[in-house]
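Both chains are sitting in their own frames, so use the hints and assemble them into the complex.
For the record, the sequence lines run as chains E and H. The opening position of the first sequence corresponds to residue 0 in numbering that gives the first Met the number 0, with each subsequent residue numbered one higher. The opening position of the second sequence corresponds to residue 0 in numbering that gives the first Met the number 0, with each subsequent residue numbered one higher.
Just so you know, these hints were derived from the structure itself, not from any lab. There could be a bad hint or two in this list.
Here are the simulated lysine-lysine pairs, DSSO-like style, with alpha carbons at most 30 Å apart [to be verified]:
#1 H/Lys103 / E/Lys88
#2 H/Lys107 / E/Lys222
#3 H/Lys107 / H/Lys117
#4 E/Lys51 / H/Lys94
#5 E/Lys52 / H/Lys117
#6 H/Lys117 / E/Lys222
#7 H/Lys87 / E/Lys72
#8 E/Lys44 / E/Lys222
#9 E/Lys59 / H/Lys94
Small disclaimer: the values here were computed from a predicted structure and weren't measured.
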Amino acid sequence: MITTNPFSILSETVPAIATQSFVIVMAFLVVIGTLVDIIHKKNVKYFFENAKKAKQSAKKKLTTGEKTSVTIKTVASDILTTSELGAGKRRVAHLLGMYGTLLFWFSSVFMIFCYSSIDNVTPTIWPILWHVGAIMTCLGGFWFWLFLRVDVYSEAHPWYRIIKADLFVLSLLATATFGLIWSFLQSLNISGWDNLFLILFIISNIILFGGVYWSKFAHMFYKPGAALQKNLAEADGSRDSLPPPVDAPEQYGLGINRDKAKHY
Amino acid sequence: MPTFVYMTRCDGCGHCVDICPSDIMHIDETIRRAKNIEPNFCWECYSCVKACPNYAIDVRGYADFAPMSHSVRVRREEEKGTISWKIKFRNGTEKDFVCPITTKPWGKFVPKLAEGEKPNQEEINSQKLYLEPEGLNTKKELPTVPKDSFKKGVYY
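So here's chain H without its partners, still in its complex pose (with noise of 0.2 Å):
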């Protein structure tokens, strides 16, 4: 479902306009405040729920991880490098989830992926992706999911 704006959080800053690739993100004229001009073309990238200072932008989850009018809240935090995630579900369950900010400054961070060492079969079959857990700023074990708990008819 495409997002949306609560107006009274809305303080017209236009992050979002500026933010949006689908450039569907625009200033109403009757209040300067942000509006999706355009719902049908939003493809729900999270950019503009993400910039927004002030939280006021929202957009119901992608079906296929909060159906049926999930609940799912963004709250960016640049100071702190983290991203955090909010999903409560239907039935009162809430799941919070805390990611880091991966963005990089553009052009400063070009991976060398040729002068790499090439990746033993050890590591292409890990759950592990390139550069992790250097690359996420932490030298923690990260945590796996166990394959037996994986959903019965999915194959691996």
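Okay, chain E solo, but in the shape it has when bound (with noise of 0.2 Å):
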């Protein structure tokens, strides 16, 4: 099963130029939904005019080496490794979904667009590469789902209980679960049952790609783009009106680390 190309086999039944027109128009569907998000929640305009202000207030004018060197940094550590998730299980959570899921993609793409026909061969990596996206982005997603989600872990709200904001996770789970389970009925060769998850995969597609504009999806390409601006005022010293980080200071107090939350 993970060495085989599922979509080299549906093209067996469903022709390759449906599923490529399926690929461009979920491509399509993410495009409209992030424009019209940003139409309506107006957060690009806001980014702007905040990075206008973080500019008047800057302590010195950083040169492109500067701005270079800090994009670099906002790329290795802030997109790469997440790291305004701190050191802990939600930053792991989210590599292994991130990666996972990023392999996922492309490796459909690359497969669907590259090695649609059964008669191409596909080399095995995709396959692979597919399968390993696929399963990297449950564990990471279940793993989120169903015990860090702040909602639960903080607010002690059931685990089942599910919200608006539910629906990027939730739609790429069953993306990502329907996947896998339509590659091995379709492995095992039983008649019925892989259409069944190939239907459901599917539709799950539509929800996870039609769905840019309600769920939280664009949040992939916002969060970069803060991440950037954080750090620049970082360098630049507008500091978004914060203090500066103390200079090799005196040992005060203990310093000592938060508590954990023991109320619930």
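Structure follows, in structure tokens:
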């Protein structure tokens, strides 16, 4: 199963052009959803106004080299390793989900557009990446959704309480889970069942990519921009009006770490 | 003015929800980020502001020390044992303060006042507080404010 391209087998029943059109429509839905989201929330307008304000209160003008260095640091630390989540389970779960999803999506697109017919032999690496990506997404996503969600962890709501903010993570998990089950049943060659999970896979994809306006999908576009702005503000001294980090302080108090909440 | 959250900085960790003594910091159901659900009940204790690891929560300072929309921001650095404040006044003046974190582990530090020596009159009149300066882990002399610099009309 793990070395088989499920989309090349699918091409026996569904024409490759239909699958490829589906991917293009989904990408189009993401663009439209994000644009409508930007217009509705006015977050990009806020972002640029905030950046302008930060520039006005900057203590020094950053050179191109300094800006490049901040950008590289942001990419390496804030984007590629999601450092804002600190050291802990949330970060590990997020990284698993993030890299799993990227592997899953990129390998899907690559296999659908380059190896979508049974005659065109798929290199083993692509189906392996697709399956590993889906498994990583499930591991990170279910770990987050069942155990680490802040509304369960801090607010003490029951784990089965579903809110609007779950639309993104649940549709993503449904996509990865149904995709894996579909591929598994396809490899068993059980007539009917694989089609059922193929339909569920398609529906969850439509909800995931079609629901961008209502879900948290677009956070993956906004968060890197916000992280870059935050780091630029630290570097140019405006720091969003925050005080500067203490430089080589005299050790005042005990410096105790915050206690974990014990009231639940 | 009550607390508010910068959504671009909040990552929904829930520390403010855990610490808020008024139980008014909660998680938004649409974007899973923190929000103040009852601003009228916020008494501006700054607990959530200091607890936030991403400095995503802000609160306008009390009117007596930062009137008319002055900005008051806090940076807590546990590993250094410090908490820093920056006050920006509307005329452009900025003031930075660095203070020690004096929080002690719960139940580990109970001052045995009855066993200590009674303060003499000089100590009572001093501007130093109990256990200062040793209690701040410093043996340096602390700065004092000369009484003649006090505002007119304030009597001590």
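Now for the hints, and whether the structure bears them out:
For the given pair, H/Lys103 sits about 27 Å from E/Lys88 by alpha-carbon distance, which is consistent with the 30 Å threshold. At roughly 41 Å between alpha-carbon atoms, H/Lys107 and E/Lys222 are farther apart than 30 Å, so this suggested pair is violated. A threshold of 30 Å between alpha carbons decides the hint, and for H/Lys107 with H/Lys117 the separation of about 23 Å falls inside it, so the pair holds. Taking the CA atoms of E/Lys51 and H/Lys94, the gap is near 23 Å; set against the 30 Å cutoff, the hint holds.
Proximity of E/Lys52 to H/Lys117 is assessed by CA-CA distance (about 55 Å); at most 30 Å being required, the pair is judged violated. Proposed proximity of H/Lys117 and E/Lys222 is contradicted: the alpha carbons are some 58 Å apart, above 30 Å. Straight-line distance between C-alpha atoms of H/Lys87 and E/Lys72 comes to about 29 Å, which keeps the hinted pair within the 30 Å bound. With a CA separation close to 15 Å, the supplied pair E/Lys44 and E/Lys222 stays within the 30 Å bound.
Proposed proximity of E/Lys59 and H/Lys94 is supported: the alpha carbons are some 18 Å apart, at most 30 Å.
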